[in-house]
Structures are given as C-alpha cells and as structure tokens.
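K.L.:
If you want the building blocks of each chain, they are given just below.
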Amino acid sequence: MNITKSYVAKSVERMRPSGIRKFFDLAATMEGVVSLGVGEPDFVTTWSVREAAINSLERGFTSYTANAGLIALRTEIARYMSERFHVEYAPKEEIIVTVGASQALDIAMRAVTDPGDEIIVVEPCFVSYAPLVELAGGRAVTIGTTGETGFKLQPEQLEAAITAKTKAVLLCYPNNPTGTQLEREDLELIADIVRKHDLLVIADEIYAELAYDQPHTSIAALDGMRERTILINGFSKGFAMTGWRLGFTCAPKEISSAMLKIHQYAMMCASTPAQYAAIEALQHGMGDVESMKKDYRRRRNYMVQSFKEIGLDCHLPGGAFYVFPSIQSTGLTSEQFAEQLLLEEKVAVVPGSVFGEGGEGYIRCSYASSMSQLQEAVKRISRFLDKQKGRAI
Amino acid sequence: MKLNEKEVEILEILQKDARFEATDIAKMIGLSEAEVAETIRRLEEEKVIVHYATLVDWAKMDNYTGVTAMIDVKVTPKRGVGFDEVAERIYRFKEVSSVYLMSGVYDLSVTVEGKSMNEIARFVSEKLSTLDSVVSTTTHFQLKKYKHDGMIYASKREDNRIVVSP
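These protein sequence lines map, in sequence, to chains A and B. Just so you know, the first sequence maps onto residues 1 to 393 in the UniProt record's numbering. Just so you know, the second sequence maps onto residues 1 to 166 in the UniProt record's numbering.
Just chain B, with the same shape it has in the complex (with noise of 0.2 angstroms):
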C-alpha cells in the first residue's frame, strides 16, 4: 500500500504520541481536522495503525513481581508454511508479548511476560519446548528495563534552558 506524505506525518506523529487530537495534527502538518480524522480511521480500517496502547513502568509499583523474559528458540521450519505454521502456535499463547522471526543462530524471538520466574518456566518446559517444531529454547530473565520503544524510564528530562534568552 502506497502511503502519501500526509498519512506518513500522521503515522509518525501518533507513533511519538497517540494521545494527539485530530484538531492538533491537523494544525501541524496543513490539513482540516475532518481529513485527518478521516485518514486516522482508513488507517486504522486498514490495520497499517494496529493499536493504540500505553507505555507502563511497572516497576514503580511496590511489590511488584512479574518477570518478562526473552527467549531464543530454534525451530524446524515446514514444508509450504515454513515458520508461519509453529510461529502462529507460540503467540497464540497470551503470555507471549511478541514473536520475531530472526537472522542469525537462532530462528524465533519470544518475548512472555508472566507473574512470576516460575510461571515463566512452567510455560517454557510445558508449552513451549513441547511443540514438535521447537528444537531448542534459551530464556533469558530481563533484570531493568532502561528504554523500551524509544522511551527512556529511569530519566526524568528536566529543561535546564534559561527561561529567556535572545
């Protein structure tokens, strides 16, 4: 699909922020707030916005114990569906955050995201390496999360610029 320089700026500008305002945008980059409504729903209509959601640090919550891990697996690919098919059967699963098909020594990246190490474990020995296709899985546990879509969490920015100057 052939994307114009509107619905580009559109994009990244609620990549940035989803929370802008049609009005906003639409004084941003020179269209009316009905087009750029417009293209926001054809966008969403045609999955190229797939969903709208917020960057939490959860670490701030007291006791707070989930544990997110990243898991490299290694899977026998299919004839006709190659990885799609075994792909397809790890993010069904709703612990499973993400799944990338990779280059490199190892064929898929699964990031689970689960209450506790244990339940993570149980969902790597029970469910993951079980599947036929899997070969082999290594989990490594994350320890902090320092930036996470381009958001950095630890920092907070402060504007140390004069308040005015020439």
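Here chain A stands alone, though its shape is the one from the complex (with noise of 0.2 angstroms):
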C-alpha cells in the first residue's frame, strides 16, 4: 500500500533546522577557509584526562553506571561546584551526569513543562533553546538584548515579559554567542523579579570557566535562588571536552528526580568511558583550563582591540570564546555580510540573526583557533571591508 501521508510529527515539521547549517553546508565544500565558526575549543583534551578514559577501557570497565552517573564523579563534581562557584548540592540525590549540557538542557525543559507554560528566552542565545522549549510543550517567549547594554538583560525586559503563564527563565551567561557576562550585581536584579513572580530559572552555565575579568558567579550562589535553580554545566567547553558528551545539572531533589525519571528512560546514563575520564579532569585538570583560559583571554583582546582598529564596533565579553562585533557600517545584514565574507575572503563567521532577536546586525566570531588563524582572519576581513567601503562610494 501507498504511504499516503506523512508521518512527522507537525510539531517537528513546524520546526525550522538550525541557521548554522546552511554556512556549515557552504564553508565544507570550500578549501583555505579561515573559520571563526567554531563553537568549541581548538585545544584537545589533556593528555592524562584521555589516559584515564583509555585506562577505565583497559580495566574493563564497559558496563552502565548508576542513571545519575558514578557517585565518584558526582562527588567530584559537587566539591568543584562548591569550590569553584560557592553552591552546594548533594551528590547522591542533587547531581545528574549527561550526555553534554545539551541532554541536560532537554530533561530540564521537560522535568518542568506543562503543556501552555512559558519559558522565557533570552536572546541572542545558543540554536536550541527555543526548539527545546516547544519539544517539551512550552512556549518560548524571547527577549531580545541589544547591543547598547552590552546584551546584558536588563531587569525591566524581564518584569515585561512575565505573564500568568510564566514557569521559568532559560540564562546563558557567559553567554553564546555574545560572549557576554552577567557579574553579581546584574544577576541581583535579575534574581530579585525572580523571586517576586515565583519563577524557576533554568542556567545553562556551561562556559562558567571562561570567564576572564572577574570569577563567574552562579546565579544559584545569590540568597533564595538554590531552591529555584536548575544548574547546567558541563565538560566540553572549560576542559575542552566537546566530543565526550558529558555535562551535568544541578537542582533542588524534587527537580532533580524529577529530571532523572526522564533521564534514565531516554538515556539510561552517559557514557561510561567520558565519566571515568571527568573525573580525571576534576582531580588533576584545572591547572590545563586555567592555562587555556589565559590563551583564550589574551585571543579575546586581541579580536576586540583589532576589529576596533578596522572598523568594526565590538563590545568586550567577558566570558566565553566569541565575540559579536557589529557590522552595521557596512549597511549588509549579518546574513548577506557572512555570505560575503565567506565568499569573497574565505572566513567562515557565524550571522548574529540566526541567534534570535537582537542578533542581527551582528557576526559571531570565535576566537577558539590559534593566534595565527586568528591574525589571518583579521587581514582578511579588514581587505573585505576595504572592499566594502569602495563599493559604497
């Protein structure tokens, strides 16, 4: 019999792939591209992080672990999360190990969503987080931050955007694809209206690490917000551990094993290897992050200080591996400026429009390459804009 209608579900139909593809899809097939594309570290796991995990192998050690991951690691992970950022959550019934915070962002949107709820977004922000709203029956309300704040959220954006039917608020600080930090005394108010409409905020906090003018503070470190908080964070970017699939959450024990009834359905536990490899990397890795940091940071100001002398206005992030120049002088938007670019010079960057409201104007580019990518990419895009401004006259 005929197949005579589709099988996809309409709410995955609705969903529109993610707008880096298609830049993904162009800069493949091209040779001699200089990308600052790359939304993951250019540096490769320690060397003694990768040995455990080939030791965990050698020993045997092939089985599942407990849902939640091996108490061993949650352990670990509750004392760095205590000494690193000040929160503590108890390893047996608080911390949940994941495949990436990608995982832990899906069983966090589901653990917490009814049908109808709102969930509020903040943009420009990472690809999936409205798509993963709408997968767990919410509905994405965003917020777009703009350039001028520096895309810091500002508290009355906020306060507007609360109705009734608000459940929860989705932060990303420092922030993809801005790069922007929120620091103590912006979280306070941020925190405040929380508190006052009973809200739930769901922090992905993945490039905690990389922050490079002052410490991170978790926004589950501020009085009252522990309770109210459900913590993301992970290994792929501080640790430079993207392709281990291994992040985590932290939450309050009702929420907690609320997330992992779902976790251990739709996922059973994260990969055993990467797991005995995390723990590896919390015992003995910090001196490797701070040293990548230090290179990061000073690849931070040297993007920031060079786009400035070429033209492009650029605010300074203070955290994680991009920066998000403007690109309005040029009078393109940031989709026919990548295209552009990508063509003409063969730097791959990432258009600020495909991060949602407040990203147009704007390119993404990460700095996670080394200084002579980095060096060349900027000779390149300061001939394209020469180029540019020859066009318009």
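Keep in mind that a hint or two might mislead.
Short, incomplete list of chain B residues facing chain A, as computed with Cβ under 7 angstroms [to be verified]:
#	residue
1	K27
2	G30
3	L31
4	R161
5	V163
6	V164
7	S165
8	P166
Quick caveat, the hints were computed from the structure, so don't treat them as lab data. The C-beta atom is built at its ideal place from N, Cα and C for all residues, glycine as well.
Two chains, two frames, a set of hints: combine them into the complex.
P.N.:
Next comes the structure, spelled out in structure tokens:
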C-alpha cells in the first residue's frame, strides 16, 4: 500500500532547521577557509584525561553506570561546584551526569514544562533553546537583548515579558554567541524579579570556567536562588571535552528526581569511559583549564582590539570564546555579510541573526583558534571591509 | 628582579613563539605597542630574555648524520668555587649545547652535539675525561627526537573540528 501521509509529527515539521547549517554546508565545500565559526575549543583534551578513559577501558569498565552517573564523579562534581562557584549540592540526590549540557537542557525543560507553560528565552542565544522548549510542550517567549547594553538582560525587559503563564527563565552567561557575562550585581537585579514572581531559573553555565575579568558568579549562589534554579554545566568548553558528550545538572532534590525519571528512560546513563575521564579532569585538570583560559583571554583582547582598529564596533565580552562585533556600518545584513565574507575572503563567521532577536547586525566570531589563524582572519576581514567601502562610494 | 604581571605575560607569549610582534602582543595584553617594545628591550638588556632561536628538525634533512649525546659527568667540586669552575671549563667548548648541575648520582648533565659518533667519542675521551676535576663520564646517544622544548617533532596536528558549529 502506498504511503499517503507524512509520518512526521506536526510539531517537528514546524521546527526550522538551525540557521548555522547553511553556513556549514557552504563552508564545508570550500578549500582554505579560515573559520571563526567553530563553537568548540581548539585545544585537544588534556592527555592525562584521555589516558584515564583509556585506562578505564583497559580495566574493562564497560558497563552501565548508575542512572545519575558514577557516584565518584558526582562527588567530584559536588566538590568542584562548591569550590569554584560556592554552591552546595548533594552528590546522591541533586546531581545528574548527562550526555552533554544539551541533554541536560532537554531533561530540564521536560521536567518542568506543562503544556502551555511559557519559558522566557533571552536572545541572542544558543540555537537549541527555543526548539527544546517547544519539544517539551512549552512556549518560548523571547526577549532580545541589544548591543547598546552589551547584550546584558535588563531587569525591566524581564519584568515586561512575565505573564501568569511564565514558568521559568532560561539564562546563559557567559553567553553564546555574545560572550556577555552577567556579574553579581547584574544577577542580583534579575534574581529579585525571579523571586518576586516565584519563577524557576534554568541557568546554562557551560561557559562558567571561561570568565576572564571577574570570577563567574552562579545565579544559584545568590540568596534564595538555589531552591529555584536548575544549574547546567559540563566538561565541553572549559575542559575542552566537546566530543565526550558529558554534562551535568545540579538542582534541588524534587526537581532532580523529576529530571532523573526522564534521564533513566531516555538515556539510561552517560558514557562510562567519559565519566572516568571527567573524574580525572576534576581531580587533576584545573591547571590545564587555567592555562587554556589564559590563552583565550589574550585572543579575546586581540580580537576586540583588532576589530576596533579595522572599524568594527565591538563590546569587550566577559567570557566564553566569542566576540560579537557589529557590522551595521557596512549596511549589510548579518547574513549577507557572512555569506559575502565567506565567498570573497574565505572567512567563516556565523551571522548574528541565527541566534534570535537582537542578533541582526552582528556576527559571531569564535576565537577558539590559534593566534596565527586569528591574525589571518583579521587581515582578510579588514580587506573585505576595505572592498565594501570602495563599493559604497 | 621582580617582574610585573604584564612582563610575565610578554615572556609567556614570546616563549611560546618568539615571532609575535609587539603590535600583536600589545593587543593581546592591553598595552600600547610602544610599551611592549620598551618592555621587551628592557628584558633583553637584563638578559631575562636570553636569546631568540629556531627549533629545527634536522632529521628531516636527507643524509643528515649529526648526533647528540647526553653525558652524565661526575666531578670533584673545588673549595671556594664549587662546581662553577669545572662547569665553565666544560661549557666553553662549542660542541657543548647545554650544561646543568643535577641532583642525584652524578653532578653535571652535559649535552654535546657533533657531526658524527666519532666526533663525540673523541670529545669525551680527549677533552672531557681528561679534565682534572672529572671523575667519570657516562655517554648516552640520542636515537630519535620526539619532543623538544615543549614541541612534538613528528606530529602534524590537524584540526578535525567541523567548520561551523553552534
């Protein structure tokens, strides 16, 4: 019998594919591309960490772990979160090891969203947030931050977006794609509103290790916030372990057990060798994190300063590994800019518009690349801008 | 000599790659180009920056016969000058590329570079062993250089990351 209908769910049919895909497809066919489009570290995972995974395989640790992850790893995570970010979580009941921060986001959304619940998503942001909210049956209500405020969420913006249906606010600082960091005093203002309206915060703090000017403040560390926050973190960015797919959630017991239900049915547990590697990373890897961070910080300074010199207005991002310069002076949309830059000068950047409201007029440039690549990229972008000026006259 | 944070940063950057120019270092650490250039000049003058050189993988050259040996040297220190005098007598030889005073079972670790094994053998038997203070030598020839001064020689690191990712 012929197939007469689409088997794909309406909700999935409605989803738009990620805007990044288009640039990936285009860039992948070209030779000699200098890419500032990569959202992951250029460092390879520290050898001692890789070696720990190899050792675990040699010893035959190839079975499932507890659903929430190896207790030894959760204990290390609890210690790490306490020492680094001054937040206390019980390893047995409040920490779940996940398959990357991405899966952590997914179980967080699904655990708290009832049909029709509104989740506030602060844009520009990582491309999965709104789709994950919708897959969980909620409605993503977006707030667009702007370049004028350095892409910091303004308390009045948050206040204005809250309705009777609002369940949670999804925050990501240090931010992908803007690199913006909210310092303690910024977070206090946000936390006041969250408490006032009795909301939950889902805090994606995957870039927490990569904060360059002030040590990262976790929103869960503020008064009265721990009980209303799901913290999401992981090993991908700070520890240069993207391909291992290992993240974790920290949340009060009730929410954690709800997330664990989903996690045990949908995932069972995170990869065992990766979990052993992560134990090593937390026990002995902090020195390497610091040295990578030092490199990133220098590259950030270099990029911001270089962009200013070639006429691209750029705020100094406090964290992550992205700079988010304005390209409005060229008169191009961010998508036109990115496409022409790729075709003419073979530099891959990501148009700000793919990250949602507030992103138009900006491009995301990752500086997770060697200094020589960054120098070459700046040279090419400068040449591109000169040609643009020539055209405008 | 007390170094400030920026001076240390400049040294760290140059130690990784001596070819960074003052203009780029300036952007990386938030100083002016002139300040960086002046700091580098001062560090050179103070001999904190000792020298700039290039790591060469001579093994890549066809018919290259050069050899390197690491020699453990036991010596008798002298009253008043300790190991310094004999160390100096050794490091003055141009064949000697490094000399370290070591803890442990021997005293000086001497690296010698020569055109051939014979040349090094001659150096050890005629020059080094014959020094008054030298008690004994143990010569180890290097067979292959895997990593030197933090750089891995054999590997060609590829960037396996996908070109654009979220």
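K.L.:
None of the hints should be skipped; say for each whether it holds.
P.N.:
Structure-based check of all given hints:
1. The restraint placing B/K27 at the interface with chain A holds, with a minimum CB-CB distance near 4 angstroms, inside the 7 angstroms limit.
2. Against a cut-off of 7 angstroms between C-beta atoms, the interface hint on B/G30 holds, since the closest Cβ of chain A lies about 6 angstroms away.
3. For B/L31, the shortest C-beta to C-beta distance to chain A is roughly 10 angstroms, which exceeds 7 angstroms, and the interface hint is violated.
4. Annotation: B/R161 was flagged as interfacial toward chain A, and the flag holds, the nearest CB pair being 5 angstroms apart, inside 7 angstroms.
5. Given hint, B/V163 at the interface with chain A, holds; its Cβ is 4 angstroms from that chain's nearest Cβ, closer than 7 angstroms.
6. Look at B/V164: its Cβ gets to within about 4 angstroms of chain A, closer than 7 angstroms, so that hint holds up.
7. A hinted interface residue such as B/S165 counts as satisfied when its beta carbon comes closer than 7 angstroms to some beta carbon of chain A; here the least separation is about 4 angstroms, so the hint holds.
8. Because the beta carbon of B/P166 sits about 5 angstroms from the nearest beta carbon in chain A, less than 7 angstroms, this interface hint is met.
Going through the hint list in order, the structure does not satisfy hint 3, though it satisfies all others.
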